[in-house]
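Going by the numbering used here, the first residue of the sequence shown is number 4, and it counts up by one from there.
I should point out that these hints are in silico values taken from the structure, not numbers from a laboratory.
Note that this is a predicted model, so its numbers are computed, not measured.
Glycine included, each C-beta is placed from N, C-alpha and C at the ideal position.
Treat each hint with caution, since some may be false.
To be verified - Calculated pairs, SDA-like style, for lysine to any residue (alpha carbon to alpha carbon, straight line, at most 25 Å):
id : residue 1 : residue 2
1  : Lys34     : Lys414
2  : Lys414    : Pro424
3  : Lys280    : Arg520
4  : Lys280    : Glu522
5  : Lys280    : Leu75
6  : Lys46     : Leu15
Stated by the list, open to error - Label pairs and their computed distance ranges (CB to CB):
id : residue 1 : residue 2 : range
7  : Ala436    : Leu23     : 33 to 39 Å
8  : Lys46     : Ala20     : 16 to 22 Å
9  : Trp479    : Ala547    : 21 to 27 Å
10 : Arg26     : Ala516    : 29 to 35 Å
11 : Val7      : Thr518    : 33 to 39 Å
12 : Val7      : Thr400    : 29 to 35 Å
13 : Gly321    : Met396    : 43 to 49 Å
14 : Leu525    : Val97     : 40 to 46 Å
15 : Gly295    : Arg67     : 46 to 52 Å
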Amino acid sequence: MSPVLAGVLQLLALIVALGLSYRPLGDYMAKVYSSEKHYKPEKWIYKAIGANPNVEMRWPAYLRGVLAFSALSVLFLYLLQRIQGSLPGSLGFVSIDPDQAFNTAASFVANTNWQSYYGEQAMGHVVQTGGLAVQNFVSAAVGIAVAVALVRGFARSRTGELGNFWADLVRGTVRILLPIAVIGALVLVACGAIQNFAGIHEVGQFTGGTQQWNGGAVASQEVIKELGTNGGGYFNANSAHPFENPNGLSNLFEIYLILVIPFALTRTFGRMVGSLKQGYAILGTMAAIWVGFTALMMWTEFAHNGPAFDLAGGAMEGKETRFGIGGSSIFAVATTLTSTGAVNSFHSSYTGFGGGITMLGMQLGEIAPGGVGSGLYGMLIMAVIAVFIAGLMVGRTPEYLGKKIGTREIKFAACYILVTPALVLGFTAVAMALDTPSNSMTNSGAHGFSEILYAYTSGANNNGSAFAGLNADTQWFNSTIGIAMLLGRFLPMVFVLALAGSLAEQTPVPETAGTLRTEKPLFTGLLVGTILIITGLTYFPALALGPLAEGLAA
């Protein structure tokens, strides 16, 4: 079988698996967030934290819950790392330095999972499982909760109430993420991923040189890092490491985990607003961008350009032979079009255009299908922008799902789409202007610029993947990328929840003959065009200096 055909068949198998999961998972999540029933374990949690799950919250109260919980999570994870040397199960590792501890705490709480350290050489079992793995669950649940609050803003009228943050957080964790993670961990163990609490041991004693490896609860952390679109690896090699991702089957399953909740949330959205067609329109937009990016990535990585490419069957540098170009390309697009950040290959080793595709995927806002929750609310913000543009073109007050998009709403949407580019381009410009940050680049010229641009793109967009080649474990990068991650995660949530509150207070507008039909393919095309134009105009100058310049020079 040719490598190209193998890659295409993997893509088709993935589409079939996602299609089979779409309806039952989407409907189940809609029931979870619409239910008034509380399970006994959930009641124990509410009692422990002193929360009343039956009290409805307006958007400022909902936001305070998000920020307070996240702030306490950052503090807890920071302190856990700082005292690691005194904890049992630390494997002899010392406590983490302050700047690194801050960066990691911000990273995992912000659902970014950017790592500027070697996991197997820095973190013991307690920090990995009691700190990082826990944040993989709850940070993902926070993202889904914010998305659900926005959906309620569209679905409700004449009220500013968006639900209860604590109830949404607990339900997302207990009823959705935990059950799927348990089943997924068993699948990964069956595929060969490790799951233990072994200490450091030497391997390869009878082959000459030896290596030291530590064990760990890898399969259980691997499954939630993908399912929750987190991305932080137990080992430095991340999902390229055979303990995390042993073979082609586990690789395809991990890609499925990355995509299944973000895609299924579009049906949850359609079910909760009372129109499945609206959910299909959002799904169509996400799917069109994802398939297009995947096809483009496979084309540029399979394209032969010289004898070395001919012998390898494509651009194999930096890719695992057990995954091949097809499996690596699908994974790279899935992880950068979501906020996952897990990698099974070195993105720095991709072709110039291939590296640009990974960057552009993040710069779109990671909305195709995006992170768990963040992808849906990011796409709905873009839908509001698209409706506003359409209204300007025909001279009609823009409406979406029966809600008028007025001055207040469009200001919130505009602020949302401006935050991340300002962080990415601002920090990149400062880093390139100073001597110390630029000295961390392994490469010079366009590729070196791409390393720094990618780092801040990944951090501010809460992706977490690395381009490789950049020494990011410095005080400058640990601090600035940590700030970019926190602002890139929580500032947009402020505008999302404010928009949700504004929409929920409105009285529904009845449809007329002049109402834009947002469930039609025409709107899907308009939405795709809006996304590409807005991000293209924003980031094109920076991309032209980096991956485009490198690709054209190759």
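Verification of the hints:
no.	hint	result
1	Lys34 with Lys414	violated, 32 Å
2	Lys414 with Pro424	holds, 16 Å
3	Lys280 with Arg520	holds, 10 Å
4	Lys280 with Glu522	holds, 5 Å
5	Lys280 with Leu75	violated, 40 Å
6	Lys46 with Leu15	violated, 42 Å
7	Ala436 with Leu23: 33 to 39 Å	violated, 51 Å
8	Lys46 with Ala20: 16 to 22 Å	violated, 35 Å
9	Trp479 with Ala547: 21 to 27 Å	holds, 25 Å
10	Arg26 with Ala516: 29 to 35 Å	holds, 32 Å
11	Val7 with Thr518: 33 to 39 Å	violated, 45 Å
12	Val7 with Thr400: 29 to 35 Å	violated, 50 Å
13	Gly321 with Met396: 43 to 49 Å	holds, 45 Å
14	Leu525 with Val97: 40 to 46 Å	violated, 60 Å
15	Gly295 with Arg67: 46 to 52 Å	violated, 40 Å
Of the numbered hints stated above, those contradicted by the structure are hints 1, 5, 6, 7, 8, 11, 12, 14 and 15, listed in ascending order.
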